[in-house]
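As given, the protein sequences belong to chains A and B, one line each in that order.
For the numbering used here, count along the first sequence from 1 and bump the result up by 34.
For the numbering used here, count along the second sequence from 1 and bump the result up by 929.
It should be emphasised that the hints constitute simulated quantities derived from the structure, not laboratory data.
Quantities reported herein were computed from a predicted structural model and do not represent experimental measurements.
All C-beta atoms, glycine included, are put in the ideal place defined by N, C-alpha and C.
Errors might be hidden in some of the hints.
[As the list claims (entries may be wrong)] Here are the computed distance ranges between Cβ atoms for each label pair: (1) VAL1197(B) / GLY216(A): 49 to 55 Å; (2) GLN1108(B) / LYS240(A): 35 to 41 Å; (3) SER44(A) / GLY1123(B): 54 to 60 Å; (4) GLU1219(B) / MET230(A): 57 to 63 Å.
[Stated by the list, open to error] Stretches of chain B that chain A covers, calculated by requiring three or more beta carbons in the stretch to come under 8 Å of a beta carbon on chain A: (5) 1124-1136; (6) 1284-1297; (7) 1325-1336.
What follows is the residue order along each chain.
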Amino acid sequence: MTTNNLAEKSATENGVYDLAVQSVRELNQALHDQRHQLTCTEWKVLNPKGQHNIAVGVDKKLTIDIQGHAGYYCAGMNKEAEITVYGHAGQGVAENMMSGTVRVKGNASSSAGATAHGGLLIIEGDAGSRCGISMKGVDIVVKGSVGHMSCFMGQAGILAVCGDAGDALGDSLYEAHIYVKGSVKSLGADCIEKEMRPEHIEELTKLFERAGVTDQDPKHFKRYGSARQLYNFKVDNAAAY
Amino acid sequence: MSEKTKYMTEPRESATFDRHTLAEIRRAADTGIYDIRGAGAKRKLPHFDDLLFLGASMSRYPLEGYREKCNTSVTLGTRFAKKPIHLDIPVTIAGMSFGALSAYAKEALGRGASAVGTSTTTGDGGMTSEERGQSTKLVYQYLPSRYGMNPDDLRKADAIEVVLGQGAKPGGGGMLLGQKITDRVAKMRTLPMGVDQRSACRHPDWTGPDDLEIKIKELREITDWQVPIYIKVGATRTYYDVKLAVKAGADVIVVDGMQGGTAATQDVFIEHVGIPTLAAIPQAVQALQEMGMHRKVQLIVSGGIRNGADVAKCMALGADAVAIGTAAMVALGDNDPKWEEEYQKLGSTAGSYDDWHEGRDPAGISTQDPELMKRFDPVEGGRRLANYLRVLTLEAQTLARACGKNDLRNLEPEDLVALTVESAAMARVPLAGTQWIPGANNW
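Only chain A is shown next, with the shape it has when bound in the complex:
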């Protein structure tokens, strides 16, 4: 009851929203209002209990802590904010993120970071299928493993997987960079293993620094990228289409 009273007092000023008594709509509106009038920079979301669309469309440098599990599209289209999910996240966490940081302390469901154009997504557990699908510039670090079809049609950005990758990694890949420490069940069409040169060690080292990952050695990772054989249609490649 204490939190309820706290929330009822002045949620936009103390930055505490209790989703057991307040709605996701009220929370998101308050976060969006910060674009026009900044009343609070540090936010806490209590009792999320897997609700969908928490903290979507934020466009301000805020710190938002979600104290529990989040449903679909948490932190979708984030700009600038630093959002942490202290639990698991549902499908499409940080989808189409533009900038900022999203950290999931648990696991993430499928399509984590889908189509995201920028920012940093850290998943401390495992990620489901299609992690980084059509990524367009986001950097993603998964401390566990990723499911099948991850980085499908990845266009730009980095996907670093500290565990294993499922089937068809990097299928139809464009220019996203993929690093995997563990095993890769299979590579998708036009994705190949590439030489790990010093610039790639440096790229991964910097990414881990940004992500606060201190227990990984970039030298233990393998690099995967596009063979660029499917960039323009050739009938000789018909079997790959």
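Here the structure of chain A is known, so what remains is to put chain B in place on it, guided by the hints.
Relative to chain A, chain B alone:
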């Protein structure tokens, strides 16, 4: 005449292996690749020409042309959006991408649509400043590729159209061949210059109608429930698709028949997937009526709309508005006979040119070639489009008044009859001179 030739008949062409079919077999054998082209289905299909209006006479009371009002305005997105879109005419411009079209062509579409108080729509590739600047009402397409997709543009939009498919290729993704991926197009789509862009056919972060409901709520949350959200489907299982779209929370449903155009896809896709626009409308309206949502969730119909009669017939069958794409391009000047010599050089002819994906459009519309683009004046193009849209509206009003209707949306199926059994069955209106609707009442 020799005795030998005296009894010979004319050489007989095969209806099965006609000239086009034979040429296509030879082309396939030569190249090893299927034919890719733009536009919609070219085969003959049951269409709006197969319907006629029953004008007023003894049993109905006509309205005076030019003197008595016939409303053409429509408001879209009244279900959930705080700011529905009000259109002065019920003819909108369908989604066509910057990339498929030049920036000037997109600007002209905005100019033309704005001049007559209607909306235009972005496409696969994001929103350009030219387009936003010249469009008073702009619908932002939310596509599987999410090229150029960002929340800033989303908030600038007057409506959001979640695209599940289009009539030319239901179940297929986008395609923009490398020759049109110029520096600007590449940057907007985060692609290397010159690569073939093959967009995914389904969205990356949801897989079914239950997910879509959550996705739509996300879009509403991001835009603070301000703008309408459309769902666009290619016409196939339209009855079920419309019901699911309503359930998913659409404000507006766009149904695109197989005559609807595309910038580029396989010819086999265009000609063999989907159903005619005529067949889709009654399915959509039935679904809406059964859910008690007809006129509450507005219906936009597209695919082969060419004149005011087509507009009026769509509305009589229950649409709230229509969208045009191919016809708008023609109004801008695409396929104009003045470029005949150049169309011939490309192996085509004015009126048949559909290799829009190659980027060599002599009219300078479906191209990114700087020299060809210079041929197209966006101000003049916008004026031509506005003229055309006015004519569509005047023609539709003429027909509505003749049927005694003071609002285009008062037209009804009862005002129509069909010329063929097929069109009667599809449109669910009686064969002219009879009371027979094939399929109705177990007939």
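Hints and how they fare:
The beta-carbon spacing between VAL1197(B) and GLY216(A), approximately 42 Å, falls outside the hinted interval of 49 to 55 Å. Restraint check, GLN1108(B) to LYS240(A): a C-beta distance of roughly 37 Å satisfies the suggested window 35 to 41 Å. The beta-carbon spacing between SER44(A) and GLY1123(B), approximately 56 Å, falls within the hinted interval of 54 to 60 Å. Between GLU1219(B) and MET230(A) the Cβ separation comes to about 60 Å, which falls inside the hinted range of 57 to 63 Å.
As drawn, the stretch 1124-1136 of chain B meets chain A at 7 residues by the rule of a beta-carbon pair under 8 Å; at three or more, the given contact holds. Residues of the stretch 1284-1297 of chain B with a Cβ under 8 Å from some Cβ of chain A number 0, which does not satisfy the need for three, so the listed coverage is violated. With 0 residues carrying a beta carbon less than 8 Å from a beta carbon of chain A, the stretch 1325-1336 of chain B misses the three-residue requirement, and the given coverage is violated.
Comparing the model with each numbered hint stated earlier shows that hints 1, 6 and 7 do not hold.
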